[in-house]
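Colleague: Chains A and B are the protein sequences, given in the same order. Quick note: the first sequence, position 225, residue 232 per my numbering, numbers continuous. Quick note: the second sequence, position 154, residue 161 per my numbering, numbers continuous.
Accuracy of the hints is not assured; some may be wrong.
[Stated by the list, open to error] So these bits of chain A aren't anywhere near chain B, every CB distance computed over 10 Å:
hint, residue
1, Thr-69
2, Leu-110
3, Gln-157
4, Gly-201
[Claimed, not checked] Computed from the model, here is a short list of chain B residues facing chain A with C-beta under 10 Å:
hint, residue
5, Pro-85
6, Ile-97
7, Thr-100
8, Pro-103
9, Val-108
10, Arg-150
11, Leu-215
[What the hints assert, rightly or not] Reference excerpt, derived from the structure (chain B facing chain A, CB under 10 Å, subset only):
hint, residue
12, Asn-106
13, Glu-143
14, Ser-226
15, Pro-228
Just so you know, these hints were derived from the structure itself, not from any lab. Don't be surprised by glycine CBs; every beta carbon is placed ideally from N, CA and C.
There are 2 protein chains.
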Amino acid sequence: MSDAVVLLSGGLDSYTAAAIARAEGFRLNALTILYGQRHAKEVDAARAVATWLGVDRHVEITVGLGAFGGSSLTTDAPVPKDRPIDPTEIPSTYVPARNTVFLALALGWAEALGAHDIFIGVNALDYSGYPDCRPEYIEAFERMANLATQAGVEGAQQLRIHTPLIRLAKSGIIRRGVELGVDYALTASCYDPGASGEPCRACDSCLLRAKGFAEAGLSDPLLARFAMKPLEEGTQ
Amino acid sequence: MSDAVVLLSGGLDSYTAAAIARAEGFRLNALTILYGQRHAKEVDAARAVATWLGVDRHVEITVGLGAFGGSSLTTDAPVPKDRPIDPTEIPSTYVPARNTVFLALALGWAEALGAHDIFIGVNALDYSGYPDCRPEYIEAFERMANLATQAGVEGAQQLRIHTPLIRLAKSGIIRRGVELGVDYALTASCYDPGASGEPCRACDSCLLRAKGFAEAGLSDPLLARFAMKPLEEGTQ
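Using the sequences and the hints given, assemble the complete structure.
Modeller: Below, the structure is given as structure tokens:
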């Protein structure tokens, strides 16, 4: 059994990517990064998901990206709501270089563990237009990572960045997760949840999630947890 | 005047790189990363150097790389002493993916600032064989960085990773710094300093520093600060 480092945010995508890694036979080392996001709900979700997955180790690491500003997810700037999502425009929820910081930390842990596989749940189809979700970015990171590390110097086994969701629609991600038996009621997607963790149902992340469940013909178990009904058609 | 993000560790190299950035006309935004190194002396040095440089902003950010283990700089493992330095072998002081984490954080800040220039004081000549100091690594990081960010998507001005020291010997770095008037008594290079910050004079970093000053025909002002004499010839 080989070790893999899986980035686990507490959201739907990273959970599915980790469940795929497990189904592929990897031993899971889950990495959750507290980067200064405005709410701790997704960290609670990451812990619940890690328990469900039966990960070998779960490391939480803090890095205060809020010190740099530049994002409505790490500052007091308002999160956009009920907007049509246009992936050609980068929204204020973009956190500068977030995936680069996340993958760099995953790379550090992978190298310390002697692991050669990193999983990240990025996808470039039903997404918010973040530049660091695109396949060409991931390929460039992988190439850099192999030059950055001992493995690269020794020319031994190469590091791989696995992105099993990158070309899936949100509905396809959800279908794949359901096949693997995941419990999406454990996850937190909302950028701006209420005090009890209930989703706002208006931010990009809530809208993409609702669209995904609708297109998959499934109901979102998270809504049942909060006694909410699916959004009516045409409101998404 | 353009903004540049300069990685400032408190050591001799990053100070020189930042002084070069200043001489090239950049406004300096200094980034010091508290990554779990065993001693805080270099952070004190970074503050003194930032003051000397007259930086526009100085951000200190904490990220506990010690959680991953794998290095004698972030754990209780002993630091190698009085060894012949062989750059073909990666020593225990190597911190997995450290420069990738540092550059990723610098990239995040640069993007939030709208800066397109990052300075890092790596060098690949008088060094300890760390893979993430090599020119091919830096080039791959720069390529990835341009795909990771808004600048890359817009195809506007490209991000540049400046490595003004990468092909200099330690003596050349010191000569360049002295030309720029830097005060190397402010810096901390030692991996394992004493309680008052006095250098151990036996770790790789102390030995490379001593060799650099000797080859430059200069005396190290840090030694005078601690009333130490240069090491005798032949002991280096």
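Colleague: All the hints need checking, so say for each whether the structure fits it.
Modeller: Hints and how they fare:
| no. | hint | verdict |
| --- | --- | --- |
| 1 | Thr-69 | violated (7 Å) |
| 2 | Leu-110 | violated (8 Å) |
| 3 | Gln-157 | violated (5 Å) |
| 4 | Gly-201 | holds (28 Å) |
| 5 | Pro-85 | violated (17 Å) |
| 6 | Ile-97 | holds (5 Å) |
| 7 | Thr-100 | violated (13 Å) |
| 8 | Pro-103 | holds (4 Å) |
| 9 | Val-108 | holds (4 Å) |
| 10 | Arg-150 | holds (5 Å) |
| 11 | Leu-215 | violated (19 Å) |
| 12 | Asn-106 | holds (7 Å) |
| 13 | Glu-143 | holds (6 Å) |
| 14 | Ser-226 | violated (35 Å) |
| 15 | Pro-228 | violated (32 Å) |
In terms of the numbered hints stated before, the structure departs from hints 1, 2, 3, 5, 7, 11, 14 and 15, listed from lowest to highest.
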